[in-house]
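Listed below, chain by chain, are the residues.
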Amino acid sequence: MGITFYLIAAITLAGALAAMTLKHLIHAALAVTVAFAGLALFFLNLDAQFAGFAQILIYIGAVAILIVFAILLTRSELPKEGVFSRTWFVGLAIAAGIFAVLGWAVIASAHALPSEATTPSVNVHDIGVALVGRYVLPLEIVALLLTAATIGAVIVALHEKEGTK
Amino acid sequence: MGSPLTGYLVVAALLFSIGLAGALVRRNAIMVLIGIELMLNAANLNFIAFWRYSPHPEALTGMMFAVFSIAVAAAEAAVGLGLVIAVYRHAQTTDLDKLNRMKG
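Chains A and B supply the protein sequences, listed in that same order.
Counting from 1 along the first sequence, just add 29 to a position and that's the residue number in the numbering used here.
Counting from 1 along the second sequence, just add 695 to a position and that's the residue number in the numbering used here.
Hints may be right or wrong, so weigh each one.
Said to hold, decoys possible - Just a few of them, taken from the derived set where beta-carbon distance is under 7 Å, the chain B residues facing chain A:
hint, residue
1, I713
2, L733
3, R747
4, F763
What the hints assert, rightly or not - Just so you have them, the derived chain B footprint on chain A, three or more residues with Cβ under 8 Å:
hint, segment
5, 60-66
6, 78-88
7, 149-163
To be verified - To list a few chain B residues with every Cβ distance to chain A over 10 Å, as calculated:
hint, residue
8, G717
9, R796
10, M797
Quick caveat, the hints were computed from the structure, so don't treat them as lab data.
Glycine included, every Cβ here is placed at the ideal spot set by N, Cα and C.
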């Protein structure tokens, strides 16, 4: 594990922490974009080029823009009571507990994890063949899901008719 | 740390916990959605890391799972943000502490 791992981990975690703590929504959206970029770097570092570029295209290109549009459309001013919920300590305690359990599981099973790293030689051609071969049914289901989600998002966000409120 | 996989798993666990804390603590519905996205991304990092250090990476299982997971997360973000916009148009707020009409 080299210096690149620690550098990318620092960028990703700093982006995620900033996204969850910054007051202004636009600042938080930009910080979460940094975290998405760090995750894309992680994928590229792990020799998963296709997933890394898909992450850049979908998350930085689409989801981040979608979040910015939602922030602009809802136009919420800063609440006077602060940006955190009244019961913030409960949420923080639950998250800390979950992290303690996950960390304990990872450390306890560290000796059983594989250590040798044979660099996989996977190119986009193999992924394409697998997508239309072994994984063709999930691909079709995802296509159906994306169509349904697009139509559903448009219908949900349509203007309400007057008098139906 | 013997295996490089341990580092990735710890980072993914931290990312998941940060996302969960954000989803539970923030008042704004959009920030809760961003927290959920971070949690999904932490799971994707685990899929890719396990795929990379698996004995048969040419089977592509973890990579495919991550790619499909990214597609499902994109659909989830679109529908979720559409719902937030619909709720805002109805209640003129995205503050989850004020959206308590169904509270008994």
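Against the structure, the hints:
1. Nearest Cβ of chain A to the Cβ of B:I713: about 5 Å, under the 7 Å cut. The hint holds.
2. Interface hint at B:L733: satisfied, since its Cβ lies 5 Å from the closest Cβ of chain A, which is below the 7 Å cut-off.
3. The interface hint given for B:R747 is met, as the beta carbon of that residue sits about 4 Å from the closest beta carbon of chain A, less than 7 Å.
4. Hint status for B:F763 relative to chain A: holds, with the closest Cβ pair at about 6 Å, below 7 Å.
5. Using a Cβ-Cβ cut-off of 8 Å, 3 residues of the segment 60-66 of chain A lie near chain B, which meets the minimum of three, so the contact claim holds.
6. Against chain B, the segment 78-88 of chain A contributes 6 residues with a C-beta closer than 8 Å to a partner C-beta. That satisfies the three-residue criterion, and the hint holds.
7. Beta-carbon proximity to chain B at under 8 Å applies to 7 residues in the segment 149-163 of chain A; the threshold of 3 is reached and the given coverage holds.
8. The Cβ of B:G717 does not lie farther than 10 Å from every Cβ of chain A; its closest approach is about 3 Å, which violates its non-interface assignment.
9. Distance to chain A confirms B:R796 as a non-interface residue, since its nearest Cβ pair spans about 13 Å, more than 10 Å.
10. No Cβ of chain A approaches the Cβ of B:M797 within 10 Å, the least distance being about 17 Å, so the stated non-interface status holds.
Figure legend: structure checked against the earlier numbered hints; the only hint not met is number 8.
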